[in-house]
Amino acid sequence: MIIAEQLRKTFPARGKDKARVVAVDEVGFEARDGEITGLLGPNGAGKTTTLRMLYTLMKPESGRVLVDGRDVAADAEAARRALGVLPDARGVYKRLTARENIRYFGELHGMSRAAIDARTAVLAEALQMQDFLDRQTEGFSQGQRTKTAIARALVHDPRNVILDEPTNGLDVMTTRGLREFLRQLRGEGRCVIFSSHIMQEVAALCDRIVVVAHGRVVAQGTADALRAQTGHDNLEDAFVQLIGTEEGLHA
Amino acid sequence: MKAMMIVWLKELRELVRDRRTLMLSLLMGPLLAPLLVIGMAKLGESKARDQMEQPLEVAIVGAEHAPNLVAWLHGQGIERKDVADPDGAIRSQAEDVYLRIDEGYGKDWRAGTPAVVELVHDSTRRDSAIPLQRLESALQRYSQQVGALRLLARGINPGVGAPLSVSRKDLSTPEARGATIAAMMLPYMLILFAFLGSMQLVLDTTAGERERQSLEPLLATPAARGAIVSGKIAAACLVGITSLLLTLLAFKLSAQFASGMSAMLDVRFAAMGKLLLILLPMLFIGTTLLSLLAAASKSMKEAQSHMTWLMLLPMLPIMLLAVNPLKSEPWQFAVPFLAQNQLIQKVIRAEPIDAQTWMIYLAAGFGLAALLWYAAVRRYHQEQLAISG
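The listed protein sequences derive, respectively, from chains A and F.
Mapping the first sequence onto the working numbering, position 120 (from 1) lands on 125, and the numbers just tick up by one.
Mapping the second sequence onto the working numbering, position 306 (from 1) lands on 347, and the numbers just tick up by one.
Honestly, I wouldn't trust all of these hints.
Below, a sample of chain F positions facing chain A; criterion: calculated Cβ distance under 8 Å [what the hints assert, rightly or not]:
1) Ala44
2) Ile47
3) Lys51
4) Glu55
5) Asp59
6) Gln117
7) Gly118
8) Val161
9) Arg167
10) Gly249
11) Arg253
12) Pro258
13) Ala264
14) Glu424
Source of the hints: derived by calculation from the structure; they are not laboratory data.
Using N, Cα and C, we set each Cβ at its ideal position, and we do this for glycine too.
Full structure from sequences and hints, please.
Structural data, given as structure tokens:
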């Protein structure tokens, strides 16, 4: 369970204009266990910054984040243990095999070798990565890299999972497989948050949708609630109306 | 501590798989340093020997005014040759030195007044020092001989004209005398290799890791930032120490093959151990400083552009000492680069180093490294660090 309350984050402006750029303002939502929560918004809406505050990489200027009821600012390390994170940056170590990449993160989480091996087998099965598990990751396809990055993010069996645009750059088949995997995580009673700028994907997967535009939450609720709120039957039309522009929607 | 070991092991494993980088960082120093130092020393030595022993050919302008002098110089191994434009030849560095005999030489000679000869050279050319010295001392001897003969012809003891007999007694050790050229090059080479030897690995594991987008996931794990940086620094230090050991070993081995090398350098194991102890703080300073700079730069390219001034740092004390030689004083052993330079000189010259000097040096060196390490750890706590691109 992840709760974001009134998050605000600004960045120093570049150039002569000294006003700070407000990346995220007053963002609040609740992501429950056993549900998939989608963070939907055009490029540059503040999704990645919001997620970074959730997984303690950035400190919010105001507001707070609760993971399983505990404030992450009080104990960032405990929060990181309770979270599995696929950040926007998902580089893997190309001189290590996929298995070694996963093992490295398992070790950093303080897991025993046996526990890591068992968990790797489970994840490799679920993500269908047996074929390339023991190859060095140099030359991996985008899909293989993403799967490796997801497996290493989930090696410590976290209750909460945060994925930043997980389907970015993946082909249709891999995307379908990944969706299935996210549903499986939900079925295991985990709290899953993922961000996307793709309407259909969010509609197909999410129990709750949080629409973000210009650093603010403009609407949240189930897909049906959003349709009702805007009066559009088509979710894409509802989305366009909510963010107030078509800009970035198809990017 | 455990997380540090995990990071350390992983960095080393990655490096070992990257054969080419590993070979470059491990073997560059050990192969290049002895070659350069020994090569320079040999070249300088044989050049000096050539210039001292071979017949010296010098242009003499106005030789017709002093045939006796020219004949005498010939007897001393200084040959006359013809050069069309001697001043131009000196300026264009074709000639080292030439001798001009004044038109009035014959007249002055016969009158018994000092006859004028002139040595023309370019003092900024180090190469002209030995020929100039040879020519000057030959002329000096001629002058004394003829002067003594003139006094004898007048029935006076020539000793009257020489109230002082100046002789020199050189107290430098033979080791120190042999070490001059090596002493200029060697500290710089050793300090540079210790200082920047781990450069590749440091840049790759810090700036490179961010550029390859794997830093953000790493920082999202519960591993403490301090442990992550320390693991990376420790891995780079291990590579640096290995490279340093190989370099010193290479010096020891090449001393057995190159004759005269052992006269030039103290290569006993004790001396090598001292060099290692001197270079160890330098290695830590270099690795932590590079980690700090690499963490503060936005990209690998920016991090690499620091190399230019970092390469110059070890040269500063050498330049300073060349312009303004310093007496050895305690404060110098607390100044990085200068301290290493002075201490390595002492080791090469087989001079003893007292306990107080060691204390000052090691405390200052490791203290600075600890400070830089702390700054690098602080830097890893900043949130901009994690965000790539």
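Agreement of hint F:Lys51 with chain A interface, Cβ distance less than 8 Å: For F:Lys51, the interface hint holds, since the closest Cβ of chain A sits about 5 Å away, which is under 8 Å.
Holds or violated: is there a CB of chain A closer than 8 Å to the CB of F:Arg167? The hint is violated - F:Arg167 has no Cβ within 8 Å of chain A, the shortest such distance being about 49 Å.
Does the interface hint hold: is F:Arg253 within less than 8 Å of chain A, judged Cβ to Cβ? holds (4 Å)
Just to be careful: measuring from the Cβ of F:Asp59 to every Cβ in chain A, is the smallest value less than 8 Å? Holds, about 6 Å.
So, F:Glu424 near chain A? Judge it on the closest CB pair being under 8 Å. Status holds, d = 5 Å.
Restraint check, 8 Å cut-off on beta carbons, for F:Ala264 near chain A: holds (4 Å)
Quick check on the hint: F:Ala44 CB to chain A CB, less than 8 Å? holds (6 Å)
Return the status of the interface hint for F:Glu55: holds when the least beta-carbon distance to chain A is below 8 Å, violated otherwise. For F:Glu55, the interface hint holds, since the closest Cβ of chain A sits about 5 Å away, which is under 8 Å.
Minimum beta-carbon distance criterion (8 Å), F:Val161 to chain A: Where the cut-off is 8 Å and the nearest Cβ of chain A is about 63 Å from F:Val161, the hint is violated.
Go through the hint on F:Gln117 and say holds or violated, using the shortest Cβ distance to chain A against 8 Å. violated (69 Å)
Interface hint status, F:Gly118 versus chain A (Cβ within 8 Å): violated (65 Å)
Hold the hint about F:Pro258 up to the distance rule: shortest CB distance to chain A must be less than 8 Å. holds (6 Å)
Comparing the model with each numbered hint stated earlier shows that hints 6, 7, 8, 9, 10 do not hold.
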